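S.K.: Spelled out from the first residue to the last, the chains are:
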Amino acid sequence: MADHANADIDPVSAPSFRIDADSRVVTAGSCFAQHVARHLREQGHACFETEPAHPMLSVAMAEAFSYGIYAARYGNIYTSRQLLQLWRRATGEFVPADDIWEEDGSWFDPFRPTIQPGGFSSVREYMEDRRQHLAAVRRAFAEMDVFIFTLGLTECWAAREDGAVYPLCPGVAAGRFDADRHAFLNLTVEEVVADLRAFILEVRQLNPGMRVILTVSPVPLAATAESRHVLVATTYSKAVLRIAAEQLCQLPDVYYFPAYEIVTAAGRDYLAADRRTVLEHGVRHVMALFFRHVLGTTKSLPVTAVRDNFLQQGQTIVDTLCDEQRLDPLQSGAAMHTLTEHHDDQS
Amino acid sequence: MACVARAAESAAVPLNALNFWDMPGAILRDESGSRFSVALVQQLEQHSGPVFSMVGGAAHGVLGMLVHPRRFDFVLPTQPGLPLDPTAELLPAGVVRGVLESLMADYLALMSEVRRHSAGPLFHIEPPPPFADNQRMHADMPWDMYPGMLHEISPAYLRYKLWRMHSQILGEWCAGAVATLVACPRMAMDENGFMREPYYGDGAHANAAYGELVLEQMRQLA
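Taken in order, these protein sequences are the chains called A and B. Everything in the first sequence is counted per my numbering, starting at -5 for the first residue and increasing by one. Everything in the second sequence is counted per my numbering, starting at 686 for the first residue and increasing by one.
Incorrect hints may appear among the rest.
[As the list claims (entries may be wrong)] Now the in silico label distances, taken between C-beta atoms and shown as ranges:
#	chain 1	residue 1	chain 2	residue 2	range
1	B	GLU882	A	ARG133	37 to 45 Å
2	A	ASP(-3)	B	ALA790	56 to 64 Å
3	A	ARG222	B	ASP715	45 to 53 Å
4	A	THR310	B	GLN905	34 to 42 Å
5	B	GLU774	A	THR108	47 to 55 Å
6	B	ASP715	A	CYS25	56 to 64 Å
7	A	THR108	B	ALA790	23 to 31 Å
8	A	THR310	B	GLN731	30 to 38 Å
9	B	GLU774	A	THR258	53 to 61 Å
10	B	ALA894	A	PHE171	54 to 62 Å
11	A	LEU245	B	GLN764	30 to 38 Å
Just so you know, these hints were derived from the structure itself, not from any lab. From a predicted model like this one, the values you see are computed outputs, not experimental measurements. From the three backbone atoms N, C-alpha and C, an ideal C-beta is built for every residue, glycine too.
I would like the entire structure built from these sequences, with the hints used as guidance.
M.R.: Here is the structure:
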């Protein structure tokens, strides 16, 4: 190791399975999981999407409304508890009591508070969207071949009433924090293992062939709710997640990919000045090793979002219909767009 | 706005009509957007008003007159209880609004130009409401002209919601531009807000009787 350049460090052990070109891959996890999905798409491996952007949407609008980032619009899943909860909500096994947040006339999903700009415009829109979303989650997890989960955090906030966990502390992006209703959790190794073991076993009841790739996010915590320095809190969280991942690899077809080790071995070289953001060449190194060891096929063309020409066709139809109206002899010289009242003094 | 033009002609109402489509070179487009030619600017600036704008008005039809191959629907924020197409994918209202706004951007820019060069009152005429009878509309569509699209009229309430959202965007533009959005003649609409049959023209337009109602609104405002 001492003589190796960062780019030459390869701590990856061969997995017991490979991702093929036609594998239905679903990714989830913390922010770093977005890099995984993006690089997979760029290498021609379309992630399995069950709630894809409508083809009328521009790329920017799709991104703003959290389409195309993961298989469905679930946003970042920072903790093992959040993942298990999502699955149980999708199957109807768990219905959180804290259901919806209202703020200035907009409605927010407590479990996806940043999923779309400004929240939902009405209670009904939220309810209908949530029903559609959870069905998409259920289908994604029930039909996927490979699940790549990036473990991000151990710290989270939960409802005291029923234990429902939030991706963000209530009051950060929406909602209101209430110490009587919200409690801080810092998951232990045993809890993370139990959550993910339950998730894997429950999903495999519907989807016995699911294979799992676990990674630990190399991104340090931005803040901690523990009364200690964030660096110490980060060490605890990453240690818990790393040990939990190791223990979970004892399950069949569960594989650990060492993204955390690849980035941290490079010291500051792969981190931006904020000491948190993984620089793109660090991500590329991680993903290059991922492709070399885990993907069963070589590089192909990037996967791009499907867009249609419906709006252009619709415009043509309307223009044509308007042309027909204009050609009507009854209205020769008549205005179509701007009419100005004729005044005697301007005749 | 052919129906108004027809009504004006029938009623011998003198209108000074500026149809941008029939005025080659009237609209100049470059990277910064659309603007009017010097001649058109002069024509507007010499007019003391009022100006009645019927610029654009079909974006909701572009988006939703025909069924999209991937059927969609949305919950209208101002009337969330309206029916949803049970076979359609739900899109966030913000997404639908964003698509509508992108379709309207060009003619909102033209309306801004009208506002900029018109000293007097500016009224924008709300586009006519949708017609609820899909079968009647379907029979009137020249389908052979539109290969490659589904030959199915969108559910009436989707078309209604798109029309309402379109009008809301127009209303917000008017509020910011010291202009007045002239709402559709009340008597042309049924109790659910759809166009009544006597005012139906074809799949995409109102008829001259509707135009007469609008013309009367304009006369009262002039």
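S.K.: Each hint: holds or not?
M.R.: Each hint tested on the structure:
| no. | hint | in the structure |
| --- | --- | --- |
| 1 | B:GLU882 to A:ARG133: 37 to 45 Å | holds, 44 Å |
| 2 | A:ASP(-3) to B:ALA790: 56 to 64 Å | holds, 59 Å |
| 3 | A:ARG222 to B:ASP715: 45 to 53 Å | violated, 59 Å |
| 4 | A:THR310 to B:GLN905: 34 to 42 Å | holds, 37 Å |
| 5 | B:GLU774 to A:THR108: 47 to 55 Å | violated, 22 Å |
| 6 | B:ASP715 to A:CYS25: 56 to 64 Å | violated, 40 Å |
| 7 | A:THR108 to B:ALA790: 23 to 31 Å | holds, 26 Å |
| 8 | A:THR310 to B:GLN731: 30 to 38 Å | holds, 36 Å |
| 9 | B:GLU774 to A:THR258: 53 to 61 Å | violated, 42 Å |
| 10 | B:ALA894 to A:PHE171: 54 to 62 Å | holds, 60 Å |
| 11 | A:LEU245 to B:GLN764: 30 to 38 Å | violated, 51 Å |
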